[in-house]
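Colleague: Take a look at the letters that make up each chain.
Protein chains: 2
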Amino acid sequence: MDSRSFLLSISLTLFIITLTSHASAQSIIQIPSHKTQITGDRKIRVDDGMYCDSWRFSVETNDAGIWEYVPSRCAKYVQDYMTGDRYLSDSEVVSSYALNFAKNVNVSDDGKDAWVFDIDETLLSNLPYYEKNGFGSEPFNEESFDMWVDLAEAPALPASLNFYKELKQLGFTIFLLTGRSEDQRNVTDKNLLFAGYSGWEKLFLRGLSDQGKPAALYKSQKRSELVKEGYKIHGSSGDQWSDLVGFAVAERSFKLPNPMYYIP
Amino acid sequence: MDSRSFLLSISLTLFIITLTSHASAQSIIQIPSHKTQITGDRKIRVDDGMYCDSWRFSVETNDAGIWEYVPSRCAKYVQDYMTGDRYLSDSEVVSSYALNFAKNVNVSDDGKDAWVFDIDETLLSNLPYYEKNGFGSEPFNEESFDMWVDLAEAPALPASLNFYKELKQLGFTIFLLTGRSEDQRNVTDKNLLFAGYSGWEKLFLRGLSDQGKPAALYKSQKRSELVKEGYKIHGSSGDQWSDLVGFAVAERSFKLPNPMYYIP
Numbered sequence: 001m002d003s004r005s006f007l008l009s010i011s012l013t014l015f016i017i018t019l020t021s022h023a024s025a026q027s028i029i030q031i032p033s034h035k036t037q038i039t040g041d042r043k044i045r046v047d048d049g050m051y052c053d054s055w056r057f058s059v060e061t062n063d064a065g066i067w068e069y070v071p072s073r074c075a076k077y078v079q080d081y082m083t084g085d086r087y088l089s090d091s092e093v094v095s096s097y098a099l100n101f102a103k104n105v106n107v108s109d110d111g112k113d114a115w116v117f118d119i120d121e122t123l124l125s126n127l128p129y130y131e132k133n134g135f136g137s138e139p140f141n142e143e144s145f146d147m148w149v150d151l152a153e154a155p156a157l158p159a160s161l162n163f164y165k166e167l168k169q170l171g172f173t174i175f176l177l178t179g180r181s182e183d184q185r186n187v188t189d190k191n192l193l194f195a196g197y198s199g200w201e202k203l204f205l206r207g208l209s210d211q212g213k214p215a216a217l218y219k220s221q222k223r224s225e226l227v228k229e230g231y232k233i234h235g236s237s238g239d240q241w242s243d244l245v246g247f248a249v250a251e252r253s254f255k256l257p258n259p260m261y262y263i264p
Numbered sequence: 001m002d003s004r005s006f007l008l009s010i011s012l013t014l015f016i017i018t019l020t021s022h023a024s025a026q027s028i029i030q031i032p033s034h035k036t037q038i039t040g041d042r043k044i045r046v047d048d049g050m051y052c053d054s055w056r057f058s059v060e061t062n063d064a065g066i067w068e069y070v071p072s073r074c075a076k077y078v079q080d081y082m083t084g085d086r087y088l089s090d091s092e093v094v095s096s097y098a099l100n101f102a103k104n105v106n107v108s109d110d111g112k113d114a115w116v117f118d119i120d121e122t123l124l125s126n127l128p129y130y131e132k133n134g135f136g137s138e139p140f141n142e143e144s145f146d147m148w149v150d151l152a153e154a155p156a157l158p159a160s161l162n163f164y165k166e167l168k169q170l171g172f173t174i175f176l177l178t179g180r181s182e183d184q185r186n187v188t189d190k191n192l193l194f195a196g197y198s199g200w201e202k203l204f205l206r207g208l209s210d211q212g213k214p215a216a217l218y219k220s221q222k223r224s225e226l227v228k229e230g231y232k233i234h235g236s237s238g239d240q241w242s243d244l245v246g247f248a249v250a251e252r253s254f255k256l257p258n259p260m261y262y263i264p
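From first to last, the protein sequence lines stand for chains H and R.
Residues 1 to 264 (the UniProt record's numbering) are what the first sequence spells out, left to right.
Residues 1 to 264 (the UniProt record's numbering) are what the second sequence spells out, left to right.
Don't take every hint at face value.
One copy or two, either will do: identical chains are not told apart, so a pair holds if it fits within one copy or between any two.
[Stated by the list, open to error] Derived SDA-like pairs: lysine to any residue, alpha-carbon spacing no greater than 25 Å straight-line: (1) LYS213 to ASP48; (2) LYS165 to GLY230; (3) LYS202 to TRP67; (4) LYS103 to GLU68; (5) LYS232 to VAL245; (6) LYS76 to LYS190; (7) LYS202 to LEU217; (8) LYS103 to TYR69; (9) LYS213 to GLU251.
Hints are computed from structural coordinates only; laboratory data are not their basis.
Just chain H, with the same shape it has in the complex:
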């Protein structure tokens, strides 16, 4: 198999897996609340808080597969998580591990040592939008979200902004790879600058030929272009597994928390 047909076969496989998972992940698991369960010889009492903690475990490890929105019994849990300190603390610790890894990379002078960032819920936080739209417990409304994007007022996720600045200091070449459309380029540039980011090498947005592709395929293809141009992708940061998996993956991938939505 030559490398082109290999890439094609991986792309197709990814696509088929996405379709298959989609078909099989429709039903939301419902464990009744406040139910005492016997597991083996031990009783466990699963209340909403514990169930939602376990739901979040399955979501963040990608065990849950594709999901459409936050189960209604976990809406308040996700709100508390996102607006309290836990979300900030989780993203701080992820960024600490990423920085620890980055500091041990031998960055050369040729500018080919790269890091790839996703944008939404990675560099920028759309929390002000989701605060007014049920924290992921309501179906996604593309129209109202695009109006929010056009405002170009999303703040930085603090842990990511600090980490981004450190990476620049270390000499990494930074690429931004987002599922946003090419026609959102200007507002995205504007928002990134507003939030304190600067000095990236290139911002990739979905062009016409990328529309309709699963995110993992689109992002893998873009990373693949970078690899062909001689870049070494040491690290990649994203809040979605589709930011991180597929082909041309980074040496180390860093999954940031996001219990509000899932992008296949």
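Start from chain H and add chain R according to the hints.
Modeller: Positioned in the frame of chain H, the structure of chain R alone reads:
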């Protein structure tokens, strides 16, 4: 590139990544406890409980990379997690998602629809051993762990035993793939039967030629053998990322919780 040199290149890449990660993951991140941190314009108060929750997030998503043992400030946290209801609840929800996926597989009569299970902290729980050995906060002692394995008394992880039985009912062919050595075959068989498991197709253990290989490589090679024999690996369950990643990966992988130890 032919498929043999492709497999070889993936094996080498995996191996190099493992070595590189090992070199760069030596220092444990220390965020001082009870410190008030300013992140952006918001103060977050990271106490041990919140830090350890965030540490567990990074561990379970594989953001932490290779780690040697549980940070001492999280020893009590891991003990509470493992002996309380949260560990059982987390594994229940993972198994629920896995079962939901399995029920949507079109299982044929040819016996080629396969599921691959890891053993330790997946089918069997070594909690009785770790309870006496610091829940992962002490360096791993191979000698005393092997003595525990020889007793063949590890109980089933309840969620996994239920799920295993359901998979058999659905007609899946079940393979067990463990990092244990070939010379532990008899005690492993005995322990699995003692815990309530039966009817697996084949148990893979590390033979002489597998010694010293990273787990992800060894397990990928064994899964690859299954694929060559015509099996469709629909699902794979394991508590370590090295049970699930590499090549010949399952259509869906299910990461079970384990904040006690990491196997590269």
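Colleague: Run every hint past the structure and note whether it holds.
Modeller: Each hint tested on the structure:
no., hint, in the structure
1, LYS213 to ASP48, "neither (36 Å within a copy, 42 Å between copies)"
2, LYS165 to GLY230, "within (23 Å within a copy, 50 Å between copies)"
3, LYS202 to TRP67, "neither (31 Å within a copy, 34 Å between copies)"
4, LYS103 to GLU68, "between (37 Å within a copy, 19 Å between copies)"
5, LYS232 to VAL245, "both (16 Å within a copy, 21 Å between copies)"
6, LYS76 to LYS190, "neither (33 Å within a copy, 46 Å between copies)"
7, LYS202 to LEU217, "within (19 Å within a copy, 35 Å between copies)"
8, LYS103 to TYR69, "between (37 Å within a copy, 22 Å between copies)"
9, LYS213 to GLU251, "both (24 Å within a copy, 19 Å between copies)"
In summary, the numbered hints that this structure violates are 1, 3, 6.
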